[in-house]
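Undergrad: Sequence:
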Amino acid sequence: MYLKSFRITNFRKFKTASNTIDFVNPKKTTEQYTPSSATTLIVGRNNSGKTSIAAALQQVVKHQDPKGSDFNFDHLYKVLDAHKAAYLDNQQNCFKTPYMRFKFSIDFSDEHKTNSMENIVDFVDIKSIKAGANKELKIELRYCVKEVALFGEEVKKLIEKHPSDDNTLFREFVKLITNKIRFKQTFHCNGEVVNPSRDFKLSHLIDIKIVSANLDNSQNSLSNVFNKIIKYKLRYDDQKDNSAREKLENSIFKINKNVTEEISTPHEEIVNSVVEKIVDDQHMQVSLRSDLDFDSLFTELIRYEFKEGSHFIPENQFGLGYSNLMKILGHIIDYVEQYEESDSKSKVNIICIEEPENFMHPQMQELFIKHIDKAVQAILGKTPKTINSQLAITTHSSHILNSKIHASNTFNNINYLTNSKSNKTIVVPLNDNKIQGREGSPHDLNFLKKHIKFKVSDLFFSDAVIIVEGITEEQLIAHYLTEIEDLSRKYISIFNINGAYAHIYEPLFKLLQVPCLIITDIDVKRTETEKKEFQQLTVLEGRTTTNNVLKKYKNEIGLSDTDVSQSDMKEKAVEEETKKNIFGEKINYVSDSNFYIVFQKCSINNYYSTSFEEAFILTNFENDILNSTLKEVIPNKTLTDIIGEDNNLQSLVDNSFKLQKKLSASKSNFSNTLIYKMASEDAHKWPSLPTYIDDGLNWLKSELSTLPLNGI
Numbered sequence: 001m002y003l004k005s006f007r008i009t010n011f012r013k014f015k016t017a018s019n020t021i022d023f024v025n026p027k028k029t030t031e032q033y034t035p036s037s038a039t040t041l042i043v044g045r046n047n048s049g050k051t052s053i054a055a056a057l058q059q060v061v062k063h064q065d066p067k068g069s070d071f072n073f074d075h076l077y078k079v080l081d082a083h084k085a086a087y088l089d090n091q092q093n094c095f096k097t098p099y100m101r102f103k104f105s106i107d108f109s110d111e112h113k114t115n116s117m118e119n120i121v122d123f124v125d126i127k128s129i130k131a132g133a134n135k136e137l138k139i140e141l142r143y144c145v146k147e148v149a150l151f152g153e154e155v156k157k158l159i160e161k162h163p164s165d166d167n168t169l170f171r172e173f174v175k176l177i178t179n180k181i182r183f184k185q186t187f188h189c190n191g192e193v194v195n196p197s198r199d200f201k202l203s204h205l206i207d208i209k210i211v212s213a214n215l216d217n218s219q220n221s222l223s224n225v226f227n228k229i230i231k232y233k234l235r236y237d238d239q240k241d242n243s244a245r246e247k248l249e250n251s252i253f254k255i256n257k258n259v260t261e262e263i264s265t266p267h268e269e270i271v272n273s274v275v276e277k278i279v280d281d282q283h284m285q286v287s288l289r290s291d292l293d294f295d296s297l298f299t300e301l302i303r304y305e306f307k308e309g310s311h312f313i314p315e316n317q318f319g320l321g322y323s324n325l326m327k328i329l330g331h332i333i334d335y336v337e338q339y340e341e342s343d344s345k346s347k348v349n350i351i352c353i354e355e356p357e358n359f360m361h362p363q364m365q366e367l368f369i370k371h372i373d374k375a376v377q378a379i380l381g382k383t384p385k386t387i388n389s390q391l392a393i394t395t396h397s398s399h400i401l402n403s404k405i406h407a408s409n410t411f412n413n414i415n416y417l418t419n420s421k422s423n424k425t426i427v428v429p430l431n432d433n434k435i436q437g438r439e440g441s442p443h444d445l446n447f448l449k450k451h452i453k454f455k456v457s458d459l460f461f462s463d464a465v466i467i468v469e470g471i472t473e474e475q476l477i478a479h480y481l482t483e484i485e486d487l488s489r490k491y492i493s494i495f496n497i498n499g500a501y502a503h504i505y506e507p508l509f510k511l512l513q514v515p516c517l518i519i520t521d522i523d524v525k526r527t528e529t530e531k532k533e534f535q536q537l538t539v540l541e542g543r544t545t546t547n548n549v550l551k552k553y554k555n556e557i558g559l560s561d562t563d564v565s566q567s568d569m570k571e572k573a574v575e576e577e578t579k580k581n582i583f584g585e586k587i588n589y590v591s592d593s594n595f596y597i598v599f600q601k602c603s604i605n606n607y608y609s610t611s612f613e614e615a616f617i618l619t620n621f622e623n624d625i626l627n628s629t630l631k632e633v634i635p636n637k638t639l640t641d642i643i644g645e646d647n648n649l650q651s652l653v654d655n656s657f658k659l660q661k662k663l664s665a666s667k668s669n670f671s672n673t674l675i676y677k678m679a680s681e682d683a684h685k686w687p688s689l690p691t692y693i694d695d696g697l698n699w700l701k702s703e704l705s706t707l708p709l710n711g712i
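1 is the number of the first residue of the sequence shown in my numbering; add one for each residue after it.
Be careful, since some hints might not be right.
As a list, the in silico DSSO-like pairs of lysine-lysine whose alpha-carbon atoms are at most 27 Å apart [what the hints assert, rightly or not]: (1) K103 to K201; (2) K156 to K184; (3) K146 to K84; (4) K78 to K156; (5) K551 to K434; (6) K67 to K184; (7) K161 to K96; (8) K531 to K661; (9) K138 to K4; (10) K601 to K658; (11) K201 to K15; (12) K421 to K701; (13) K156 to K96; (14) K586 to K701; (15) K15 to K96; (16) K103 to K67; (17) K667 to K525; (18) K62 to K209; (19) K103 to K146; (20) K138 to K67; (21) K78 to K175; (22) K4 to K370; (23) K421 to K103; (24) K161 to K146; (25) K637 to K662; (26) K201 to K138; (27) K421 to K84; (28) K374 to K209.
What follows is a set of in silico ranges between Cβ atoms, one per label pair, in the way DEER data are often shown [what the hints assert, rightly or not]: (29) S680 to Q363: 31 to 41 Å; (30) G191 to D293: 53 to 63 Å; (31) S593 to Q650: 34 to 44 Å; (32) D74 to N433: 25 to 35 Å.
To be clear, the hints were calculated from the coordinates, so they are not data collected in a lab.
Cβ coordinates follow ideal geometry from the N, Cα and C atoms, glycine included.
Given these sequences and hints, build the entire structure.
TA: And the structure:
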């Protein structure tokens, strides 16, 4: 059996929608099986709800009563508001009560056989299973208030006690649920109530081991982990041949005998001679003996060392990253060793590792996800037990996410968690089909998989993303963001992926619900004469764009097709492409949910720019920092030919396209020089960003102003 999915309703930040976590089928299906493809990855920023998934699993497996703080607070506010409304209307009763639901989908098909049907017999029809029906079990556990009338009375008392202090009322309401309200648990299968046998518990069906991120970091923490394993192993071996434990205890007996002989005779007499000076020696005699036993041998005397080159070092000198890794493996070994073999294939077995990246450097994080499945399989292979284990990892490491995607060559098996504008947790199970989109091609998907290894995995942990076309935009916008108060406190990733490919990311951005600003160029198609003579662009209407992003959203932008007769085409030698993607009279930015595209739709000082560099020059031609930068980056003769000996700055405007072309081979130098000069000047002296970029950043401010504050 294996867990296919787990739905969490009204628990902590989980509400009633987008609340299902998909788990990976752990079955080896191909010869080219990639271990990391068997791991369920749960990714998200801090405070997105990752830890709550493990907490929810423990809640139901251990059949714990929920506390008030375990409920989703929006849900509790609605319950409390209903009671307040009923109280104000003098209604006798209000029957709205808090509830939680947890739904498991479990596969027990032939591929995932179970040794026993005993744990699921209350929920399935054995005859239908034998007849070959769908072998998927869906169990829902509901927590509901046990005494509804009592709940209503207690809430009414609180409302009467705090009629005008809503904050105090809500806090007391949460305490009431924790301290006085009891909940009943009911099981549901296929929408119907099921009454399992009296001794049934979910722990009979599901076993979970959580390796917490907050592992003990005391000096002997590693020794404690491995001592526990070895002691259990000795007991296990002793049950089989009655020799291992017996041999060790015989050795301990001999040690005690020898040590006692060494300390008893020579030292008892000295101690007792001192004692008898104070008290009657008939009333107190001191006896010294060695008292080593099986437990104290491992707890107090044995220490673990680690080999580093040809030297052995104590565990308290071991790096925190390696120590954390060893503790994770130690806890898994301990779990396997103590697992009851009779239960191993009659249960869903989940090992959940929380944030393993703690203390690990980036390279170790990359390797961890590649090899953790192999390590777990090696651990399982060392025991005669057969445990059907599923591995789930929660993380906010872009390195682990990146390695996961590349090791398995897929976006499948990843659950992305984010917070909505109402601060609820949203679960987005990713898969290749969703990310490719209906209109996408396999080439688009492969591009994403390959490109993501460079930097794009960061977007899963970003508050927002900005996509740009070139190095100048990437470096300068990052610099400007540090001075924009509303944006500097957010984690904004900037990706230079060229405007021709920005639209490929649209399905992924929409899935992740991350605000995405795309800054692209109008890319007007010029004739060879216009290029050769560096002609300025004064009219946009009627011109053709070659930009693939703008072409895709032509209807939203205001692009149109135009009919050209065959005779005109022959006479003017116009290509078929000339008939398409023509800028109209009115041009718009693209706004599509969390997706916003800006470009140079308006003229600057009577000219249309076709690149960021040109727009920057047209906007700031009188700025001292820009002018000193141009003098350093552009050859003197070229610049003198443009502005003349009298330094005519208006000529910069009239030759902006020519300057753009001259900068094409030195864009990085241009941006670095600008940043160098800006760094030593007050921000009010900096050049201004072009209007279209300001428009985009203002949209981003608006989007981020409604998002909850998240950790990185």
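Undergrad: Give a verdict on every hint.
TA: Status of the hints after comparison with the structure:
For a cut-off of 27 Å, the pair hint linking K103 to K201 stands: about 15 Å separates their Cα positions. Proximity of K156 to K184 is assessed by CA-CA distance (about 22 Å); at most 27 Å being required, the pair is judged to hold. A threshold of 27 Å between alpha carbons decides the hint, and for K146 with K84 the separation of about 21 Å falls inside it, so the pair holds. A distance of roughly 15 Å separates the Cα atoms of K78 and K156; the hinted pair therefore holds under the 27 Å criterion.
Of the supplied pair hints, the one linking K551 and K434 holds, its CA atoms being roughly 22 Å apart against a limit of 27 Å. With a C-alpha separation of about 13 Å, the suggested pairing of K67 with K184 holds against the 27 Å cut-off. Between K161 and K96 the CA atoms are separated by roughly 20 Å; this keeps the pair inside 27 Å, and the hint holds. Distance check on the hinted pair: K531 and K661 sit about 9 Å apart at the alpha-carbon level, within 27 Å; holds.
For the given pair, K138 sits about 10 Å from K4 by alpha-carbon distance, which is consistent with the 27 Å threshold. A threshold of 27 Å between alpha carbons decides the hint, and for K601 with K658 the separation of about 20 Å falls inside it, so the pair holds. About 25 Å separates the Cα atoms of K201 and K15, which keeps this hinted pair within 27 Å; it holds. Distance hint between K421 and K701 is fulfilled; the C-alpha atoms sit about 14 Å from each other, no more than 27 Å.
Straight-line distance between C-alpha atoms of K156 and K96 comes to about 13 Å, which keeps the hinted pair within the 27 Å bound. For the hint linking K586 to K701, the alpha-carbon distance of about 25 Å falls within 27 Å, and the restraint holds. Annotation: proposed proximity of K15 to K96 holds, straight-line Cα distance about 17 Å (limit 27 Å). The hinted pair formed by K103 and K67 meets the criterion: a straight-line CA distance of about 19 Å does not exceed 27 Å.
For the hint linking K667 to K525, the alpha-carbon distance of about 21 Å falls within 27 Å, and the restraint holds. A distance of roughly 12 Å separates the Cα atoms of K62 and K209; the hinted pair therefore holds under the 27 Å criterion. For the given pair, K103 sits about 20 Å from K146 by alpha-carbon distance, which is consistent with the 27 Å threshold. Of the pairs offered as hints, the one joining K138 and K67 holds, with about 26 Å between alpha carbons and a cut-off of 27 Å not exceeded.
For a cut-off of 27 Å, the pair hint linking K78 to K175 stands: about 16 Å separates their Cα positions. Taken as a hint, the K4 and K370 pair is honoured in the structure, with Cα atoms around 22 Å apart against an allowance of 27 Å. At roughly 25 Å between alpha-carbon atoms, K421 and K103 fall within 27 Å of each other, so this suggested pair holds. For the suggested pair K161 and K146, the alpha carbons sit about 24 Å apart, so the restraint of at most 27 Å is met.
A distance of roughly 12 Å separates the Cα atoms of K637 and K662; the hinted pair therefore holds under the 27 Å criterion. The suggested pairing of K201 with K138 holds, with an alpha-carbon distance near 15 Å, which does not exceed 27 Å. For a cut-off of 27 Å, the pair hint linking K421 to K84 stands: about 26 Å separates their Cα positions. Taking the CA atoms of K374 and K209, the gap is near 18 Å; set against the 27 Å cutoff, the hint holds.
Remark: the range hint 31 to 41 Å for S680 to Q363 is upheld by a beta-carbon distance near 36 Å. Hint check: G191 to D293, Cβ distance near 57 Å, so the stated range 53 to 63 Å holds. Here the CB-CB span from S593 to Q650 is close to 43 Å, well matched to the stated 34 to 44 Å. Taking the beta carbon of each, D74 and N433 are about 32 Å apart, inside 25 to 35 Å as hinted.
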